[in-house]
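**Q** Put together the whole structure using the sequences plus the hints.
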Amino acid sequence: MPATTTVIIGAGHCGLAMSHCLAARSIDHVVLERGDVANSWRTQRWDSLRLLTPNWMTRLPGYTYRGADPDGYLRASQVAAMLEDYAGASAAPVLTGTPVTSVRTAGAGYVVRTGQGTWRAATVVLASGAATVPAVPALARLVPAGITSVTPAGYRNPGELPPGGVLVIGASASGIQLADELCRSGRPVTLAAGEHVRMPRTYRGRDILWWMDACGLLDQGYDEAGDLVRARNVPSMQLVGSPGRTVDLNALSSAGVRLAGRLAGIKDGVAQFSGSLPNVCALADLKLGRLLNTIDAWAGASGERFAPTTVPTAPLGLDLRSGEISTIVWATGYRPELSWLDVPVFDRSGRVVHDGGVTASPGLYLIGMPFLRRRKSSLIDGAAADAADLTMHLAGHLDALAGRCERSA
Amino acid sequence: MTTTETPVDNGVNVAALLGVRDALPGSPQIAQFQWRATSSWVNGTHSRSDVETFYGFGEEQEHHRRFSYDLDHPLQFAAQDNGVTPVEYVLVALGGCLTAGVAAVAQQRSIQLRSVRATLAAEMDLHGILGADPDVRNGFSGVTVSYQIDADATAEEIRALVAQSQKRSAVYDILTNPTSVTVGVS
Numbered sequence: 001m002p003a004t005t006t007v008i009i010g011a012g013h014c015g016l017a018m019s020h021c022l023a024a025r026s027i028d029h030v031v032l033e034r035g036d037v038a039n040s041w042r043t044q045r046w047d048s049l050r051l052l053t054p055n056w057m058t059r060l061p062g063y064t065y066r067g068a069d070p071d072g073y074l075r076a077s078q079v080a081a082m083l084e085d086y087a088g089a090s091a092a093p094v095l096t097g098t099p100v101t102s103v104r105t106a107g108a109g110y111v112v113r114t115g116q117g118t119w120r121a122a123t124v125v126l127a128s129g130a131a132t133v134p135a136v137p138a139l140a141r142l143v144p145a146g147i148t149s150v151t152p153a154g155y156r157n158p159g160e161l162p163p164g165g166v167l168v169i170g171a172s173a174s175g176i177q178l179a180d181e182l183c184r185s186g187r188p189v190t191l192a193a194g195e196h197v198r199m200p201r202t203y204r205g206r207d208i209l210w211w212m213d214a215c216g217l218l219d220q221g222y223d224e225a226g227d228l229v230r231a232r233n234v235p236s237m238q239l240v241g242s243p244g245r246t247v248d249l250n251a252l253s254s255a256g257v258r259l260a261g262r263l264a265g266i267k268d269g270v271a272q273f274s275g276s277l278p279n280v281c282a283l284a285d286l287k288l289g290r291l292l293n294t295i296d297a298w299a300g301a302s303g304e305r306f307a308p309t310t311v312p313t314a315p316l317g318l319d320l321r322s323g324e325i326s327t328i329v330w331a332t333g334y335r336p337e338l339s340w341l342d343v344p345v346f347d348r349s350g351r352v353v354h355d356g357g358v359t360a361s362p363g364l365y366l367i368g369m370p371f372l373r374r375r376k377s378s379l380i381d382g383a384a385a386d387a388a389d390l391t392m393h394l395a396g397h398l399d400a401l402a403g404r405c406e407r408s409a
Numbered sequence: 001m002t003t004t005e006t007p008v009d010n011g012v013n014v015a016a017l018l019g020v021r022d023a024l025p026g027s028p029q030i031a032q033f034q035w036r037a038t039s040s041w042v043n044g045t046h047s048r049s050d051v052e053t054f055y056g057f058g059e060e061q062e063h064h065r066r067f068s069y070d071l072d073h074p075l076q077f078a079a080q081d082n083g084v085t086p087v088e089y090v091l092v093a094l095g096g097c098l099t100a101g102v103a104a105v106a107q108q109r110s111i112q113l114r115s116v117r118a119t120l121a122a123e124m125d126l127h128g129i130l131g132a133d134p135d136v137r138n139g140f141s142g143v144t145v146s147y148q149i150d151a152d153a154t155a156e157e158i159r160a161l162v163a164q165s166q167k168r169s170a171v172y173d174i175l176t177n178p179t180s181v182t183v184g185v186s
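One line per chain: the protein sequences are A and C, in this order.
Those letters in the first sequence? Residues 1 to 409, per my numbering, in order.
Those letters in the second sequence? Residues 1 to 186, per my numbering, in order.
Worth flagging that the hints you see were computed from the coordinates, not collected in a lab.
Heads up, a few of these hints could be off.
Stated by the list, open to error - Quick list of the computed label-pair ranges, beta carbon to beta carbon:
hint, chain 1, residue 1, chain 2, residue 2, range
1, C, 6, A, 351, 36 to 44 Å
2, A, 231, C, 100, 49 to 57 Å
3, A, 244, C, 22, 38 to 46 Å
4, A, 91, C, 15, 32 to 40 Å
5, C, 78, A, 162, 51 to 59 Å
6, C, 181, A, 164, 32 to 40 Å
7, A, 149, C, 16, 38 to 46 Å
From the three backbone atoms N, C-alpha and C, an ideal C-beta is built for every residue, glycine too.
**A** The structure is reproduced here in structure tokens:
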């Protein structure tokens, strides 16, 4: 059985950042990847998708964007190419086409089974991602026959959908972008919006993420977050990777998208929407106001304010059998896929319990989750600091293991 | 957030509520509650509801006494007006839930309240319950709640209190989202 010190599972930006940090400390490791480097960027992204973060924020350990367009936004294929180059430049020991089938504890370490053999390792880093599979609610099974259901992971472009109206469920980054794209393609679009994070693309003449980065908001630590459960479950920002373009509910309404409340149920073929739309819009407006106040307090003076979200008289029901809707897009988020992890570190909802990426199972680490160690943990730009912190902890754990061996020898 | 000389006291024991939340990861079953009421016909459209026991925190519980409520319809409905109508109780419940939430959130955010008053109104078309128009629903076509709040806080902080109260309100959720209801006869 081959052995190594650390097995990293997943060759996305987090796994590669971790590999870079381990290599810098000469910690022997291997990166196991089910497909190719940046697999989900190659296989689970729609055609027009661009990163939500500007190019200058595409930073990894030992890598900074040096292209001609620092304020632009990379296409999914460019992200994949960038990560491929990064893996090459770092000489990351990646084994592609190696899906992990189980991880178990064995003595003071772990046994990692894959489709291509079994590894023994003192430590394991789970870097397979927070957004590995689409999270579609159970009520999707109540959708009447004849309606096409797609998720953002499977959607490619408007031309692939059957003709007719589209119901987009979810108003976070994916949902607002797809509602916008489908509306521009000439289709009637209804958008079901629950709690959402309203965000202007630019504020006071700069990208909103520039402000959040500069004023330190993105560096806010998980021990300073207040309500960490809430912080880790905040939906993604309503942003699109397009210079100067804001796609919030007001923009979508103006473009002709019909707004509805959160999808609350489907009964006898009729979609039922929550009557809470006015309040989720009020919450999003208030939260945006607080963000802009925070930026102003840091920058001095004050910038523009955005008109409150206009809440239309929203439908409470929509008959899915009437023929009005031909496609439902489930932009209801993603979840990790860790069914192969056979170590008892899960909570009652099936989420890995961790303290800043350190699990209760010694030597088992997690990276790439929302607010793992800091607000920017969910961004590519957050991987460097998280990987550095976890590498430090992992090295300490290895030292402790070595000390224990010496004492018992 | 407003700081005051004296500690903020809205009479809400937020520490106890947060203590329950902290206890949940270790014993999630204590969160399972059942609320109960009985309803007995008196005469005509007059009925009386009693509320005394509930289940929660892992065991049977009871209020410190039995609460009774008369429900009826007004004289204009050719009834005796022995109590408010069931639909008015829905407004009573919504107002009570949201206002309790305002107090709790204010306490949590260290905002001293001086007065809180909500005016609630529900629109309803009698064509529904009278069976006179199948296109009109029985229930409310809309509910509006208007708060007047005097507190040591900015207007924006007060709006945020009211928004957060809705976000965490059980009755608001019950009214805005569908709920499965099963009525049997034994």
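**Q** The structure should be examined with respect to each hint, and the outcome stated for every one.
**A** For each hint, the structure was consulted:
no.: 1; hint: C:6 - A:351: 36 to 44 Å; verdict: holds (41 Å)
no.: 2; hint: A:231 - C:100: 49 to 57 Å; verdict: violated (25 Å)
no.: 3; hint: A:244 - C:22: 38 to 46 Å; verdict: holds (45 Å)
no.: 4; hint: A:91 - C:15: 32 to 40 Å; verdict: violated (54 Å)
no.: 5; hint: C:78 - A:162: 51 to 59 Å; verdict: holds (55 Å)
no.: 6; hint: C:181 - A:164: 32 to 40 Å; verdict: holds (34 Å)
no.: 7; hint: A:149 - C:16: 38 to 46 Å; verdict: holds (45 Å)
Violation of the numbered hints given earlier is confined to hints 2, 4; the remaining hints are satisfied by the structure.
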